[in-house]
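Okay, so the sequence shown: first residue is 1 according to the numbering used here, each after it adds one.
Be careful, since some hints might not be right.
Restraint-style ranges between C-beta atoms, simulated for each label pair [stated by the list, open to error]: (1) Y7 - D82: 37 to 47 angstroms; (2) D16 - R91: 30 to 40 angstroms; (3) P89 - A53: 37 to 47 angstroms; (4) E2 - P89: 56 to 66 angstroms; (5) D16 - Y62: 48 to 58 angstroms; (6) I33 - R88: 12 to 22 angstroms; (7) E70 - F22: 53 to 63 angstroms.
To be clear, the hints were calculated from the coordinates, so they are not data collected in a lab. Fair warning: this is a prediction, and the values are worked out from it, not measured in the lab. Note that beta-carbon positions come from the ideal geometry of N, C-alpha and C, so glycine has one too.
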Amino acid sequence: KEERLVYEEMRKKLMDALDKVFRPEFLNRVDGIIVFHALTKDQITQIVDLELAKVAERLTEYEITLQISEDGRLLLAELGYDPEMGARPLRRLIQNKVEDQLSDALLAGEFKRLDTIMIDAEDGEVVLRRETTEPTDETQEVVPVG
């Protein structure tokens, strides 16, 4: 119930601001206004998991497993979230920081068939490395979608 009141308050403030800027003739043509709530940290990390699952799916043809540490997940969530843009920059970040690095390493022969690749954070950077030990509680396998 409280969430509904917050929504109505935000909507009223938005409508008041629009009334000051736009003429009524324009506002009458607008079908509806939707107010979105900011994403939570948990929601952003879920989006990280969904995006990485797509990468993991593409790696299945090479029989490569993708894992991510909690530090890696949190760093991607932090770097990929913009309060104004939401999670939109996250896809590009994963492409630049994970997929590009992964492609270069595969082409250079650093990773090969049956490897497990760990996505981690080190000194504020996203790093990829071949994992030789068993996963811990701090790691999670990225499950391919589809």
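Right, here's what the structure says about each hint:
1. Y7 - D82: 37 to 47 angstroms: violated, 22 angstroms
2. D16 - R91: 30 to 40 angstroms: Roughly 34 angstroms apart at Cβ, these two residues keep to the hinted range, so it holds.
3. P89 - A53: 37 to 47 angstroms: violated, 19 angstroms
4. E2 - P89: 56 to 66 angstroms: violated, 31 angstroms
5. D16 - Y62: 48 to 58 angstroms: For Y62 against D16, whose Cβ atoms are near 56 angstroms apart, the range 48 to 58 angstroms holds.
6. I33 - R88: 12 to 22 angstroms: holds, 20 angstroms
7. E70 - F22: 53 to 63 angstroms: violated, 46 angstroms
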